[in-house]
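Protein chains in written order, with numbering that gives the first Met the number 0: chain D, 0 to 234; chain B, 0 to 234; chain L, 0 to 213; chain U, 0 to 213.
No wet-lab data here; the hints were simulated from the structure.
Once the Cα atoms are required to be at most 25 Å apart in a straight line, the calculated DSS-like pairs of lysine-lysine come out as:
hint, chain 1, residue 1, chain 2, residue 2
1, U, Lys-120, B, Lys-64
2, L, Lys-120, D, Lys-83
3, L, Lys-123, L, Lys-147
4, U, Lys-123, B, Lys-222
5, L, Lys-123, D, Lys-222
6, B, Lys-159, B, Lys-222
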Amino acid sequence: MVQKIHPDAPSALAGLLFDGMTIAAGGFGLCGIPETLIQALVDSGTTGITAVSNNAGVDDFGLGKLLRTRQIAKMVSSYVGENKEFERQYLTGELEIEFCPQGTLAERMRAGGAGIPGFYTRTGVGTLIAEGKETKVFDGETFVLERGIVADLAIVKAWKGDPYGNLVFRKSARNFNPMAATCGRVTVAEVEELVAPGELEPDQIHTPGVFVQRLILATHNEKRIEQRTIRKEAQ
Amino acid sequence: MVQKIHPDAPSALAGLLFDGMTIAAGGFGLCGIPETLIQALVDSGTTGITAVSNNAGVDDFGLGKLLRTRQIAKMVSSYVGENKEFERQYLTGELEIEFCPQGTLAERMRAGGAGIPGFYTRTGVGTLIAEGKETKVFDGETFVLERGIVADLAIVKAWKGDPYGNLVFRKSARNFNPMAATCGRVTVAEVEELVAPGELEPDQIHTPGVFVQRLILATHNEKRIEQRTIRKEAQ
Amino acid sequence: MPWTRDEMAALAAAELQDGFYVNLGIGIPTLVANHIAPGIDVTLQSENGMLGLGPFPTEAEVDADIINAGKQTITELDRTSYVSSADSFGMIRGGHIQLSVLGAMEVAENGDLANWMVPGKMVKGPGGAMDLVAGVQRIIVLMDHVDKQGAAKFRRGCTLPLTGANVVDMIITNLAIFERPDRQSAFLLRRLAPGVTAQEVRDLTEAEYEEAFA
Amino acid sequence: MPWTRDEMAALAAAELQDGFYVNLGIGIPTLVANHIAPGIDVTLQSENGMLGLGPFPTEAEVDADIINAGKQTITELDRTSYVSSADSFGMIRGGHIQLSVLGAMEVAENGDLANWMVPGKMVKGPGGAMDLVAGVQRIIVLMDHVDKQGAAKFRRGCTLPLTGANVVDMIITNLAIFERPDRQSAFLLRRLAPGVTAQEVRDLTEAEYEEAFA
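Just chain D, with the same shape it has in the complex (with noise of 0.2 Å):
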């Protein structure tokens, strides 16, 4: 059996970088992003990439150690908001952004994955998202069509995985992650836990081994939140 579990990001990301490609992560803000293998990434000095991501993280979590390291090129997200260097980079021009819809760039990411070139959607159409796409009505309604995307390598975190490369993600850290998993001519997934063959119930696998071809334990669990909001006790 082709043993997909690497010891570590470096060994599992070892051959598949290059300067100038695209990578698709998963992720929602600081939530469910592979943070292990994004160090690894930024460990890598790998240069030029364009990331597909919903966010580009904060200043010093997430995408944004890339940025920080000024490893991007060009972010493809539907929200970049958290982010000063992000912003200094993009106002000097060092940084190129693609702004998507974020349920387009879902639908985007999953097309990619499923082999499906262009898709139409209602999202954006009359907004300048839709400027230079082409359009089409169906039943007298315009459509804007939006690409499918694929990416050369996909980093996605789960909860658990098995050595056949199964994933189960936790709560709303599902997000984006299985859809980047599908859309990865090559993909990573770095796992909270390892689980035995067998141990994930085949009805609850949310992203199927086909998709993953290498993945790791994760050693960065820091899941640092964003929005802490409390409620009293006794509400």
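Please build the complex by placing chains B, L and U on the supplied structure of chain D, with the hints as guidance.
Then chains B, L and U, alone, in the frame of chain D:
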């Protein structure tokens, strides 16, 4: 709270049926088909139905029951091989059929449910299936435009369901049921087991309750097997 | 006397019907959840992939893996389910969510909405707002009647880049409520805040509308 | 002496590599699973939504909810996962399955495949075959060299309606193996069944091909 659980299939279908309507049904072959709701459709006498279903059942089971009573005017299916009454009606022109490759059918139902009126696929390019359909070249390769499907009613079979309409499917009985559930303007589910609120693990719900307007406890669970293939105990 | 933010949220909450699936935007719209009437059972959706949002957690309940689209920590209910973001926007784009309440910089009399960018300022991106206005069945905007400079926010046409074209069904400001029966119709002024006159609203509004008090 | 069905299946099985995800069509292709070499770990996919197919069940193990795309009862393995049919065809259409072995009525020298309908006869539908040939990375056809009337099945062009255009990479018949390095190239005759001559194959084949024995 809106009561989604109905006492029986006729009550769950009350007010939803009309002649000439489009009904999407889950199931693959005879596996995971909504047996109870199909019987209720037979009893309702609704005619001129366009049935969107991967298969057409067999003569006396599954959608075959609705063919026998000539309630179905048109099938949108990928494979209809196991049904003599189907063949007779088709050859005499009583029944219209729109063949759709299986993966394209699954995706058309998903697309309809997800607000995507059309998508491009490589499947069927250069074949009869693509005739009369628009094509488009992406990156030098030709793809055919396929349309999303929205049905007036979707009927699905699940393993477990809770009062919120959250559904869990069992093994390969999942098949077309999740997509059918999303593509109905109204979706009625029958479940083998009704469970209490909170019994379904939030990470393991296959179809969230937002897609299910009504549900019943299934009373027909024959689960007929089409190809009973057995290996010798000793093997 | 203009309505307070909480009163505006309560007015939006009055639009919720039993059994609705609802997506509440960031900011004032989140307050709507505090004003849902007894007997009205509503399921809140968050576009990152959570259906059935509970209240904020206690200190002990905080879980970094349970957040809403505003990246706030949140809790589960006995109805909660999680889906991928693709499936979550399938709910939204597919028209399965009955109502969304959003903030706005500008709304035009034809229902255009602008709430995502100001040219010349740093653009943070549309997030999920464009998908919500394009897919959710009914869109209610909660906003101040005028901006900080006193300029009308309900206008003939939006001056800012659009989030969606012809997508707004109801506008609740601190001064008035506008509504239209469908997206082919003009907005009607339906209600005034206590002590606010129709003439005052007319003076602070650029959009054309008709008066048809409820 | 022509190869038997089992020998043909074994020849196809020799094309499997360790770690491959494979979809086997109905009929002779299912026999391929019986000939996988020790040390070669292959995961079988069934397009109805099952990844990781086990053997047929014993009488006691039969479960109506566990079937393959041929509607046969089947069993699970410790790697098995179930997905919806949409997600299953996402694997297929997205190119995540390395190899599919299918039967055929006709194959053309340009790689066209016909295996789903005969005009004038009752048409059962394409099922998942069109998706498989359009999406899977490599397509191997297992078929008799000639049809029941003795007519060549490997032809200049298909006479029957196509399942896919330019999709076949390898043809294993009871007489010979044809292969091509890529989909821009012509087929090469790579191997003959024991006792079968190159001339016999030439006589029973309509397609143009080159001889390049392995």
